[in-house]
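Residue strings, one per chain:
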Amino acid sequence: MSLKHTAILLVVFSTLFSSFGQLLYKLGVDKLEFNITLLTNYFLILGILLYIIAGVILIIALKFGELSTVYPVYATNYIWVSLLSLYILKEFMTYFKWIGIASIVIGVGLLGVSKK
Amino acid sequence: MLVPVHIILSAILSLILVPIFGIYSLLIFLGGVLIDVDHYLEYAVRKKDLSLIKAYKEGMMFYRKSIRLGRPIRINVLHIFHTLEFLIIFMLLSFFSKIISILLIGILFHIVLDLGWLIKRKALKSRAHSFIGWLEK
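So the protein sequences, as listed, match chains A and B. What the first sequence shows, in the working numbering, is residues 4 to 119, in sequence order. What the second sequence shows, in the working numbering, is residues 44 to 180, in sequence order.
Don't take each hint at face value.
What the hints assert, rightly or not - With a straight-line cut-off of 27 Å between C-alpha atoms, the simulated DSS-like cross-links for lysine-lysine are:
| hint | chain 1 | residue 1 | chain 2 | residue 2 |
| --- | --- | --- | --- | --- |
| 1 | B | Lys-163 | A | Lys-100 |
| 2 | B | Lys-163 | A | Lys-93 |
| 3 | A | Lys-34 | B | Lys-91 |
| 4 | A | Lys-7 | B | Lys-141 |
| 5 | A | Lys-66 | B | Lys-141 |
| 6 | A | Lys-34 | B | Lys-97 |
| 7 | B | Lys-163 | B | Lys-180 |
| 8 | B | Lys-108 | B | Lys-91 |
| 9 | A | Lys-29 | B | Lys-165 |
| 10 | B | Lys-90 | A | Lys-29 |
| 11 | A | Lys-93 | A | Lys-29 |
| 12 | B | Lys-90 | A | Lys-34 |
| 13 | B | Lys-97 | B | Lys-168 |
| 14 | B | Lys-108 | B | Lys-97 |
| 15 | A | Lys-29 | B | Lys-97 |
| 16 | B | Lys-90 | B | Lys-168 |
| 17 | A | Lys-34 | B | Lys-168 |
| 18 | B | Lys-165 | A | Lys-93 |
| 19 | B | Lys-168 | A | Lys-93 |
| 20 | B | Lys-108 | B | Lys-180 |
| 21 | A | Lys-93 | B | Lys-108 |
| 22 | A | Lys-29 | B | Lys-141 |
Everything labelled a hint here was simulated from the structure, so no lab data went into it.
Model the full assembly from the supplied sequences, consistent with the hints where possible.
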């Protein structure tokens, strides 16, 4: 059982949770009003909770792995947010956006290789 | 998301991770699947009936109906293992045990899939995400 890999996997899930948090922020912002309804904005509240969970998962991951190993994986956040925007918010993805995501994937991969 | 889909996806993730975790990869599968036991518990408590088959059939009936109507049939249903409080307890325990940290990966995988599914189907309110929040309602 590899602790380093456990840490990396946990970071991946941390990024997934924070991505869902951002998605919910976006959904919540559409209903945003600066009055008492702010406290009942379900999407915003759930988004904040997901962010907190993401933070705690990251802390657990750091217990099992080094910061320099674990943190680059956090960049996968951009990938999940782009995919969620595409599939759930139906936002448009340009070729340049895809190239950007591919660069992140390649960059994270290179960081992983350089650690070995 | 349907239990068979969770079983299949958790099995796939578990198999992918066998080279890394070895036999412990089974824990990811278990974490990803056993969390759904609370669906049965919710049925058993609500109906006072221990039949697993009836629980599954009722779940499928709700699922098909919600798909047909395009909205959740039930609101704020408590599935205790899917709540924030359960997740917090599990996350705290994973600080002390490697085994639980691997189980946690399966649970997080399950919750991420469910979240995606619920958001996609605009059914986030169908589930109580917090036990305390559920008690207050």
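(message) Checking one constraint from the list: CA of B/Lys-108 to CA of B/Lys-91, max 27 Å. Satisfied?
(response) Measuring from Cα to Cα gives roughly 23 Å; hence the hint holds.
(request) Decide if the proposed pair is consistent with the structure: B/Lys-108 and B/Lys-97, CA atoms, cutoff 27 Å inclusive. (result) 16 Å, holds
(message) For a C-alpha distance cap of 27 Å, please report whether B/Lys-163 and A/Lys-93 respect it.
(response) 11 Å, holds
(message) Hinted pair, alpha-carbon criterion (27 Å max): B/Lys-168, A/Lys-93. Please report holds or violated.
(response) Holds, at roughly 21 Å.
(message) For B/Lys-97 and B/Lys-168, compute the direct alpha-carbon distance and say whether it is at most 27 Å.
(response) At roughly 24 Å apart (the allowed maximum being 27 Å), B/Lys-168 and B/Lys-97 satisfy the hint.
(message) Can you confirm whether the C-alpha distance between B/Lys-108 and B/Lys-180 stays at or below 27 Å?
(response) 25 Å, holds
(request) For the pair we were handed, A/Lys-34 and B/Lys-91, check the Cα-Cα distance against 27 Å. (result) 40 Å, violated
(message) Hint check: B/Lys-90 vs A/Lys-29, CA-CA at most 27 Å. Holds or violated?
(response) 38 Å, violated
(message) Can you confirm whether the C-alpha distance between A/Lys-66 and B/Lys-141 stays at or below 27 Å?
(response) Answer holds: A/Lys-66 to B/Lys-141 is near 11 Å, not above 27 Å.
(message) Please verify whether B/Lys-165 and A/Lys-93 have alpha carbons no more than 27 Å apart.
(response) 14 Å, holds
(message) Would the hint linking A/Lys-93 and A/Lys-29 be met if the CA-CA limit is 27 Å?
(response) 12 Å, holds
(message) A/Lys-29 and B/Lys-97 were given as a pair; does the straight-line alpha-carbon distance stay at or below 27 Å?
(response) Outside the cut-off at roughly 39 Å; violated.
The structure fails hints 3, 6, 10, 12, 15 and 22 (numbered hints given earlier, in ascending order).
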